[in-house]
Amino acid sequence: MSTYVTRRLGQALFVCLGISLITFLLLHVVGDPVLLLLPQDASDADILLLKQKLGLDRPLPTQYLVFLAGALRGDFGESLFTQESVLALILERMPATLELTVAGMLVGLGIAIPLGVVSAIRRGSLVDRLCTVSAVAGQAMPIFWLGIMLIILFAVTFRLLPASGRGTAAHLVLPAITLGAYLAPLTMRLTRSGMLDVLTQDYIRTARAKGVSERVLLFKHALRNAAIPIVTILGVQFGRLLGGAIVTETVFAWPGVASLAVKAIRTYDYPVVQGSVVLLALIIVLANLATDVAVTYLDPRIRLGEERA
Amino acid sequence: MLPFVIHVSAVLILALGLLAGSADAAPRGRVTVALGSDTSTQDPHMHTERMGIIINQHIFDTLLTRDTKTYKPAPHLAESVRNLNPTTWELKLKRGVTFHNGEPFTAESVKFSIERVLNPDQKSPIRGNFTWVKAVEVVDDHTVRIATQKPYPLLHEILTFGNFAMLPPKYVKEKGDAHFARNPVGTGPYKFVEWRKGERTTLEANAQYWKGAPAIKTLVFRVIPETATQIAELLSGGVDILRAVPPDQIPAIERSGVARVTATKILRVVFLQMDGDGRAGPGPLTDVRVRRAINHAVNVNEIIQKVLGGKAVPAPGGTNPMAFGHDPAIKPYAFNPAQAKKLLAEAGFPNGLDVTLNTYAGSIVSVDQVAQAIMGYLGNVGIRAKVRHFADVGQYLANFRGSKLDGITLASWGYNSVFDSDAIYYVHFHTKQPYAYNTAAGMDEWLDEARATVDPKKRQELYSRLQRFIVDRAYWVPMYAQYTIEAVTTKLNYEASGDEIMRIFAATWRK
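Going down the list, the sequences are from chains A and B.
Residue 1 is where the first sequence starts when you use this note's numbering, and the numbers rise one by one after that.
Residue 310 is where the second sequence starts when you use this note's numbering, and the numbers rise one by one after that.
Keep in mind that the hints are not guaranteed to be accurate.
[Stated by the list, open to error] Think about it this way: if two alpha-carbon atoms lie no more than 30 Å apart in a straight line, the pair counts; the simulated BS3-like pairs of lysine-lysine are:
1. A:Lys53 with B:Lys482
2. B:Lys420 with A:Lys53
3. A:Lys51 with B:Lys432
4. A:Lys53 with B:Lys506
5. A:Lys51 with B:Lys443
6. B:Lys484 with A:Lys53
7. A:Lys51 with B:Lys741
8. A:Lys51 with B:Lys506
9. B:Lys432 with A:Lys53
10. B:Lys713 with A:Lys53
[Stated by the list, open to error] Partial selection, computed: residues in chain A whose CB lies under 8 Å from chain B:
11. Leu35
12. Arg159
13. Arg166
14. Val251
15. Phe252
16. Val262
To be clear, the hints were calculated from the coordinates, so they are not data collected in a lab.
From a predicted model like this one, the values you see are computed outputs, not experimental measurements.
From the three backbone atoms N, C-alpha and C, an ideal C-beta is built for every residue, glycine too.
Generate coordinates for the entire structure from the input sequences, incorporating the hints supplied.
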């Protein structure tokens, strides 16, 4: 077990390193922050001076190593505009993003799992078909569009909920539904297919023959086993959710890391972009690691397989 | 040299006093303003962002302010600005003004604020706008003198700068820059209450404001990046004022019954710049006949009416009609495709020619449609334009400065908020300036002279001469000045301003 976790940690570190390199290269290839920081009529001497001050006159590999050495110490540099620590800026916004992501995940799972189970039990019924159609529609719906539609419906037309911002629980409802709707379709289909697969297994038939009640059969024997792929995919889904959070935060003016990163991209505040991407990537990698470890507990075959190897 | 004196006449003081007396006794209610992005700091000296300037203007005061009708600098914390000699200016300051923390506003506050910006260790991004200052001398508590390196005609303009706010020296020194950046204290109409980064800034009316208390008690600036969400919030009553309304949303807002649109012309002008010097390499545009043909080919008025719905004003000399130096006598080239074809044939292009049309995203309203219209007009006279679009402003500017913008460029210029033609012409027509693609020895002399004289009449003459020359040489196709389009709840009396500073402190409740 510990070998497995160590190996996965090593892989995670390698992934983070790769992401930091790609982010760094992309940011340094596409634009020049110096011109955006100075007034439009700045002289060439001003430009050179600022480049030297920011260390942008040094060769790219040196710049990357400086960034990496800082990042390993938890120092992601300072914002070009506010001279504040990038880490502090991100940590200040992190609770809002995590609140939204977790709420989105709960809404998504809350919709997806019951519907997936019902679809599997009533396979081929009207309910099943409706669920499948909704899942396809949900997957095809751009998150941005759905967010705006919910705002128009619930905030402008019915005036039931606030259109945007963060504060009360009411503010969380529309963004969480938007993000949840983004997560739900895939999870629902996975639950449905997982349940269908398990329900035809011999041990379910045996349990049923032994007189185990339907409820125990469904939730104890079937759903637990069907949960393995759902949990496995949850790590990946968490990454998707954070991606969806970027759009959701923008639409709902939610003050999280994603909107911080979007503003930083617009103003070319590259230390903030770099720090946000690497830290979000780290969270995704850790979430994947956590789900992998969780799956080894749910499915002893993985753990045992590792130990035998 | 004429001394430039700003007087507050007794009549004006009386009128202001009467106005203050007739205003509502106490501030009331709450107004929420949507901003597309947050400010990065509450310290006015440490940023150049429009959103930050809008918030700063409610907490702080500047030495001069801009008259919203004439757009000329007007007295504010400085009651008068007098030219003692070509390089010394004396400012008489308003008496009895205090900062929100009780600290008095004096000549020391002015000296401290100017020197703070100029201190290289402060790393203020607006320092470059103040390098003309040689020294600041405190004469007495309410008189201060500014010595300039050489005669500096733009002093009044720079003293209205939204970023150049007066700071309380004792508070800033005691608390430090980091604290000040999050807890600003000024002399302005609103006191700072709270800043939730990326979310909102909350202000409370300053009942003791020296110009009279504002009508609105609580003012909230909310960060809402998405325009569609801003409009939804406006229509559902979540926000009361928003800026940067897309022209296609105007009818929906006007129809809603809860809000209306207020639009006015702003400083940013749009023009077609041609590479007349062949700076990016030799090309047909070095021939004045080709450049004149392009001027005859483009129907600027039709673009203003059909593409921009009339929300723009012609700027035939290239400079904004609101900026000092604009000459209303300058006439643009007539729209005349036949004449354009004739000129092209004379220049040796009877079958037309191929040219690059550079465009960029960001500042020009409906840029794609405007570019398409221009391509159509050019195509009609045989000029085949190929668009090279820069989605990234940084890349665009780098190419601009790096002598890489060949052909025609659909450019715009915001004047860095200085209402003076120097702000647009110097950088675009002075030899070796980073944006100059059209230069001539004579223009350098006129530009230098206009920059070093404080006599407005002489300066106007120089800029008129320059405009006639630019039009005659057809260096640009001067097009139009843009509008700012804002939306406001029907509950408020509020109008958009041409300097793009939202003056919510001047708004009043509708009865």
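Against the structure, the hints:
For the suggested pair Lys53 (chain A) and Lys482 (chain B), the alpha carbons sit about 26 Å apart, so the restraint of at most 30 Å is met. At most 30 Å may separate the alpha-carbon atoms for a hinted pair to count; Lys420 (chain B) and Lys53 (chain A) meet this at roughly 28 Å. A hinted pair counts as satisfied when its Cα atoms are at most 30 Å apart, and Lys51 (chain A) with Lys432 (chain B) qualifies at roughly 14 Å. Using a Cα cut-off of 30 Å, the hinted pair Lys53 (chain A) and Lys506 (chain B) holds, with the two alpha carbons roughly 27 Å apart.
Distance hint between Lys51 (chain A) and Lys443 (chain B) is fulfilled; the C-alpha atoms sit about 27 Å from each other, no more than 30 Å. Between Lys484 (chain B) and Lys53 (chain A), the direct Cα distance comes to roughly 27 Å. Compliance with the 30 Å bound is thereby established for this hinted pair. Among the hinted pairs, Lys51 (chain A) with Lys741 (chain B) is consistent with the structure: their alpha-carbon atoms are about 21 Å apart, no more than 30 Å. Restraint check: the Cα-Cα separation between Lys51 (chain A) and Lys506 (chain B) comes to about 28 Å, which is no more than 30 Å; the hinted pair holds.
Between Lys432 (chain B) and Lys53 (chain A) the CA atoms are separated by roughly 11 Å; this keeps the pair inside 30 Å, and the hint holds. Using a Cα cut-off of 30 Å, the hinted pair Lys713 (chain B) and Lys53 (chain A) holds, with the two alpha carbons roughly 26 Å apart. Contact between Leu35 (chain A) and chain B, as hinted, is supported at the beta carbon level, the nearest pair being about 5 Å apart and thus within 8 Å. Checking Arg159 (chain A) against chain B: minimum C-beta separation of about 6 Å stays under 8 Å; hint holds.
A cut of 8 Å between beta carbons decides the hint on Arg166 (chain A): the least distance to chain B is about 7 Å, and the hint holds. For Val251 (chain A), the shortest C-beta to C-beta distance to chain B is roughly 5 Å, which falls under 8 Å, so the interface hint holds. The interface hint given for Phe252 (chain A) is met, as the beta carbon of that residue sits about 7 Å from the closest beta carbon of chain B, less than 8 Å. A distance limit of 8 Å between C-beta atoms decides the matter here; for Val262 (chain A) the minimum to chain B is near 7 Å, and the interface restraint holds.
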